[in-house]
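Trainee: Based on the hints, put chain B in the right spot on chain A.
There are 2 protein chains.
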Amino acid sequence: MNEFSSKLLESAVNQLSRLPGIGKKTALRLALHIIREDEDFANGLGTSLMKMKEEIVFCDKCHNISDAALCEICSNPKRDENTLCVVEDVRDVMAIENTAQFNGLYHVLGGIINPIEGIGPNDLFIRELVERINREEIREIILALPATVEGDTTNFYIYKLVQHFEIKMTTIARGVAIGDELEYTDEITLGRSILNRTPFEQIMKR
Amino acid sequence: MNEFSSKLLESAVNQLSRLPGIGKKTALRLALHIIREDEDFANGLGTSLMKMKEEIVFCDKCHNISDAALCEICSNPKRDENTLCVVEDVRDVMAIENTAQFNGLYHVLGGIINPIEGIGPNDLFIRELVERINREEIREIILALPATVEGDTTNFYIYKLVQHFEIKMTTIARGVAIGDELEYTDEITLGRSILNRTPFEQIMKR
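Read top to bottom, the protein sequences are chains A and B.
Numbering of the first sequence is given in the working numbering, commencing with residue 14 and proceeding in unit increments.
Numbering of the second sequence is given in the working numbering, commencing with residue 14 and proceeding in unit increments.
One chain only, chain A, in its complex shape (with noise of 0.2 Å):
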């Protein structure tokens, strides 16, 4: 006895549980809302699906998610091209590009050095990196790689491999979040903060 009762709503209930983080009850939920809602719903859910593996590139500079060859932040003429934002992942090119703070250029390294993983810097984007710096006029290098011990190796790694350039080094900082009382900010973190203080004229400035 086939539990429900339709083939085709059990075909759609297995695909979409191989999403992350979508057990069967919620792929379920899903296909039902897809069932209810008229037909151009699922057609532009599928076709934009498919379209977009099926397109989708990433940047031959930048290694960032592209439609074209050269992304559309390394097509950028107003871009400061002599900055690099390195960075774990796309969604870190994303989340930064939300605050509106940096003008410059990514370059995404395809995850973090993670030993335990079994991922090493030759999984990783670094040697497309060193080759930037040779080939780019690069002045400054912000690592913005999570603040994890797996973080920090990998910054340090870079820093390592870059160190003989004339480059300006910098990783983001790490302190205190906005918003946040001090009594409930972890120690490490609080400790970082006050040997990492800002001069406050710079804060005036902003």
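Treat the hints with care, as some may be off.
Since the list can't tell identical chains apart, any single copy or any two copies may satisfy a pair.
No farther apart than 25 Å at their CA atoms in a straight line, the calculated lysine-lysine pairs in the DSS-like style are these [what the hints assert, rightly or not]:
id, residue 1, residue 2
1, LYS218, LYS37
2, LYS20, LYS38
3, LYS91, LYS20
4, LYS74, LYS64
5, LYS20, LYS74
6, LYS91, LYS181
7, LYS64, LYS218
8, LYS173, LYS20
9, LYS38, LYS91
Just so you know, these hints were derived from the structure itself, not from any lab.
Mentor: Showing chain B alone in chain A's frame:
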């Protein structure tokens, strides 16, 4: 500036986030997962959703989801045609089928009476239920609606319509859920479970 750096990704995220319970962040996570998987994954998912929406129908008899005019349950000669289980929607059919404790047929109302949301008897397949009672040889109707005010209202409405037929009407038992401690069971449920106590011999027989 397009935060997504890819219109294909943006379109997929927008489509995914129209699904219930899927926000922009989740939609992005799903889309990036689809990009990382091979092409078969996106094609399988996309086509199965579109095919489901295009081809799925509702059973002429019980209004359950179906691949044909008559669903697998209604067209199964081994099912007991004399017992009808009335449920709110197709998910309840699946839930009851999963228990493997019911071998009769179903009648899906497509909702329950809910004056606040403007759902009246005419919005539901209640008239069709009475027609089935007139036409088919039904001996027992099991009302398996939610244990809420709306469920009880719908139960009562159906009872009033059906009482002049010579049909046994029952509702599913309300009581203490299996595994629950009495001290954490709400008073109304506990009170009902005493009023509707079950002869012990009946339990011994199972």
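Trainee: Work down the list of hints and note, for each, if the structure agrees.
Mentor: Evaluation of the provided hints:
1. With identical chains, the CA atoms of LYS218 and LYS37 are never at most 25 Å apart, being 53 Å at best within one copy and 34 Å at best between copies.
2. Taking CA atoms no more than 25 Å apart as the test, LYS20 paired with LYS38 passes inside one copy only; the shortest distance there is 16 Å, against 31 Å between copies.
3. Taking the closest pair of Cα atoms, LYS91 and LYS20 come within 25 Å of each other only across two copies (20 Å); inside a single copy the shortest separation is 53 Å, beyond that limit.
4. Taking the shortest alpha-carbon separations for LYS74 and LYS64, only the intra-copy value of 23 Å comes in at or below 25 Å, while the best inter-copy value is 39 Å.
5. In the homo-oligomer, the alpha carbons of LYS20 and LYS74 lie at most 25 Å apart only across protomers (18 Å), although the nearest pairing inside one protomer, at 45 Å, exceeds that limit.
6. Taking identical chains as interchangeable, the C-alpha atoms of LYS91 and LYS181 lie at most 25 Å apart only when both belong to the same chain, with a minimum of 21 Å there against 78 Å between chains.
7. In this assembly of identical chains, LYS64 and LYS218 lie within 25 Å of each other by CA distance neither inside one copy nor across copies; the values are 46 Å within and 59 Å between.
8. Neither within a single protomer nor between protomers do LYS173 and LYS20 lie at most 25 Å apart by alpha-carbon distance, with minima of 57 Å and 37 Å respectively.
9. For the homomeric pair LYS38 and LYS91, neither the shortest alpha-carbon distance inside one copy (47 Å) nor that between copies (28 Å) is at most 25 Å.
Checked against the numbered hints above, the structure breaks hints 1, 7, 8 and 9 and satisfies the rest.
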